[in-house]
Structures are given as structure tokens and as C-alpha cells.
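**Q** Listed below, chain by chain, are the residues.
Number of protein chains: 2
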Amino acid sequence: MKVFHYLDVEGQLAGEGTEGVTVRWLITKEMSAKNFAMRLFEVDVGGYSPLHSHPWEHEVFILEGEGEVVGEESSKRLIAGDVIYIPSNEKHQLRNTGKSKLKFLCLIPYIKK
Amino acid sequence: MKVFHYLDVEGQLAGEGTEGVTVRWLITKEMSAKNFAMRLFEVDVGGYSPLHSHPWEHEVFILEGEGEVVGEESSKRLIAGDVIYIPSNEKHQLRNTGKSKLKFLCLIPYIKK
Chain C
1 MKVFHYLDVE GQLAGEGTEG VTVRWLITKE MSAKNFAMRL FEVDVGGYSP
51 LHSHPWEHEV FILEGEGEVV GEESSKRLIA GDVIYIPSNE KHQLRNTGKS
101 KLKFLCLIPY IKK
Chain V
1 MKVFHYLDVE GQLAGEGTEG VTVRWLITKE MSAKNFAMRL FEVDVGGYSP
51 LHSHPWEHEV FILEGEGEVV GEESSKRLIA GDVIYIPSNE KHQLRNTGKS
101 KLKFLCLIPY IKK
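Each protein sequence line maps, in turn, to chains C and V. Just so we're aligned: 46 in my numbering is position 46 of the first sequence, and the numbers increase by one with no gaps anywhere. Just so we're aligned: 32 in my numbering is position 32 of the second sequence, and the numbers increase by one with no gaps anywhere.
Misleading hints may appear alongside valid ones.
[Said to hold, decoys possible] Covered by chain C, according to a simulated footprint, are these stretches of chain V (three or more residues, beta-carbon under 8 angstroms):
id	region
1	10-17
2	32-39
3	55-61
4	73-80
5	98-111
[To be verified] From the structure, some residues in chain V lie toward chain C, with a derived Cβ separation under 8 angstroms:
id	residue
6	Lys2
7	His5
8	Tyr6
9	Val23
10	Trp25
11	Leu26
12	Ile27
13	Val45
14	Leu51
15	Ile84
16	Tyr85
17	Ile86
[As the list claims (entries may be wrong)] Non-contacting residues of chain V with respect to chain C, defined by C-beta distances greater than 12 angstroms in every case (computed):
id	residue
18	Gly20
19	Thr22
20	Gly46
21	Gly47
22	Pro50
23	Gly65
24	Glu68
I should point out that these hints are in silico values taken from the structure, not numbers from a laboratory. Since the structure is predicted, the reported quantities are computational estimates derived from the model, not experimental observations. Beta carbons are placed, not taken as given, at the ideal position from N, Cα and C, and that holds for glycine.
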């Protein structure tokens, strides 16, 4: 069993079309979690991830801050406690529209069904 | 894409050896999430899950409250922001040792590798 605080995991720039986004890889296959990974993202005020899609799904939980999730045709406001399920191959973008950091967990599969 | 607040999902008693534990199944295979499920647990003051093990791993993130995670040989205090990775077949128990509800996310795989 591994127990640690998320702040003990170093953040890295998320890169690739993001603006003001850092990611901490909290639980990964390197610690034997072979099925899915837990990451924590922090988005600066005004920051965003790219509007993109990919073959794997996202399971997201908003921890702090305010933002919006942008889809193919519409967007929706986000607050702490919101849950987002983004199926595979569906376009999505997360934006910080608030006045403090937007923090969320985003989990992805290692193996796809 | 599905976006909703966790409070919009009804809680149910977790049952089976738990005391004062409710669970909300937030993201499940019923919404096409075939790889892993996101659940949110709330543990009353003094409540706990059973000390048990099973063939699937847990990926846990502590949202609110204080508690401890008990393992085979030791226990560790938990605060908000703590991350727990419990490998498959490893004994574990979560207890609320604080003065308010303990809330955490606990994700499990549908398919096991």
C-alpha cells in the first residue's frame, strides 16, 4: 500500500497545446497500477487544455476552483464536486474561468476495452 | 459527455461489514465507462469499512475529513489531499477518526490485468 499527499508528487508542465496547466501523476503503472492512472491537474487563472479528442476516456472530478468544460457543440460551467465523464473519441477542453486555480483529478485507462 | 454534481447521484448504504458508510456510484459501465468505475464514499464520525482484501486494486483520493487507513501491520493517518494506492489482494480498512464526515473517491477496475 502506498499513502502520500498529492503535494509530495512533483508537478510537470502538461505541454502539447495547454496553457498554464501542470500535471502530477499520482498513481501509475510504475507502482503496479496496471489498469488505470490517477493524475491531478492544476490550471492557472485563464489557462486551458487544448480542444482535442483521443481514443481513451476521461473520468474527472473537480476539486477546487471554477471553470468550464467545452464540448463539440456546447460548454458547461464547472464547480467543485462536479463529475465529468468524457467517452473515448469525444472532443473536450477544460478552461479555468475563475479567479483561483482550477484543480481536478483526471483518470485514464492503461488498457482499453 | 456527462457533467453532473456528485450530490445529484443518490447515496446507498455500502453494507457488508461497513459501519456508517454510504457510497455514490458516480461513473459506471452503465454510462459506457467500461474500464473503471468512480465511486464517492462518505463515512460518518466513528464509521469504518471492513478490514478485508479482494483481487482488485483501489485508487483513493481523500476529499474531506480525517481518518486512518489500516493495513496488515500498521495504520496511517489521512487528511484531505492524501492519495492511497491499495494493490490487489492487500488487506485494508478505512476509518473516520475525525469530527466530521470523511469523504473520499475510490476507483476500481472493471477489467483486471
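**Q** Now look at each hint and say whether the structure bears it out.
**A** Now the hints, each set against the structure:
1. Residues of the region 10-17 of chain V lying with their CB closer than 8 angstroms to a CB of chain C number 0, which falls below the three-residue condition for coverage.
2. Counting residues of the region 32-39 of chain V whose C-beta sits closer than 8 angstroms to any C-beta of chain C gives 6, which meets the bar of three, so the coverage hint holds.
3. Chain C is given as covering the region 55-61 of chain V, and this holds because 3 residues of the stretch bring a CB closer than 8 angstroms to a CB of that chain, at least three being needed.
4. Only residues whose C-beta sits within less than 8 angstroms of a C-beta in chain C count toward coverage, and the region 73-80 of chain V has 3 of them, enough to reach three; the restraint holds.
5. Evaluation of the coverage hint for the region 98-111 of chain V: fulfilled, as 5 residues show C-beta separations to chain C shorter than 8 angstroms, against a requirement of three.
6. With a cut of 8 angstroms, the hint placing Lys2 of chain V at the interface with chain C holds, because the nearest CB-to-CB distance is about 4 angstroms.
7. The interface hint given for His5 of chain V is met, as the beta carbon of that residue sits about 5 angstroms from the closest beta carbon of chain C, less than 8 angstroms.
8. Among the interface hints, the one on Tyr6 of chain V holds; its C-beta lies about 5 angstroms from the nearest C-beta in chain C, closer than the 8 angstroms criterion.
9. Interface hint at Val23 of chain V: violated, since its Cβ lies 14 angstroms from the closest Cβ of chain C, which is beyond the 8 angstroms cut-off.
10. The interface hint given for Trp25 of chain V is violated, since its Cβ lies 11 angstroms from the closest Cβ of chain C, which is over the 8 angstroms cut-off.
11. Restraint check, Leu26 of chain V versus chain C: the minimum CB separation of about 5 angstroms is within 8 angstroms; hint holds.
12. Hint on Ile27 of chain V holds. Least Cβ distance to chain C is approximately 5 angstroms, under the 8 angstroms limit.
13. Because the smallest distance between the Cβ of Val45 of chain V and any Cβ of chain C comes to about 21 angstroms, over 8 angstroms, the interface hint for this residue is violated.
14. Restraint check, Leu51 of chain V versus chain C: the minimum CB separation of about 13 angstroms is more than 8 angstroms; hint violated.
15. Annotation: interface hint on Ile84 of chain V holds; nearest CB of chain C at approximately 5 angstroms, less than 8 angstroms.
16. The restraint placing Tyr85 of chain V at the interface with chain C holds, with a minimum CB-CB distance near 4 angstroms, inside the 8 angstroms limit.
17. The interface hint given for Ile86 of chain V holds, since its Cβ lies 5 angstroms from the closest Cβ of chain C, which is under the 8 angstroms cut-off.
18. Interface exclusion of Gly20 of chain V from chain C stands, the closest Cβ pair being 21 angstroms apart, more than 12 angstroms.
19. With a cut of 12 angstroms on Cβ distances, Thr22 of chain V stays outside the contact zone with chain C, its closest approach being about 15 angstroms.
20. The non-interface label for Gly46 of chain V is consistent with chain C: the shortest C-beta to C-beta separation is roughly 21 angstroms, beyond 12 angstroms.
21. Look at Gly47 of chain V: its CB is around 19 angstroms from the nearest CB on chain C, clear of 12 angstroms, so calling it non-interface holds up.
22. With a least CB separation of 16 angstroms from chain C, Pro50 of chain V remains clear of the 12 angstroms interface cut-off, as annotated.
23. The beta carbon of Gly65 of chain V is kept farther than 12 angstroms from every beta carbon of chain C, the shortest such distance being approximately 14 angstroms.
24. Separation of Glu68 of chain V from chain C is inadequate, the least Cβ-Cβ distance of about 10 angstroms not exceeding the 12 angstroms criterion.
This entry does not satisfy hints 1, 9, 10, 13, 14, 24, going by the numbered hints stated previously.
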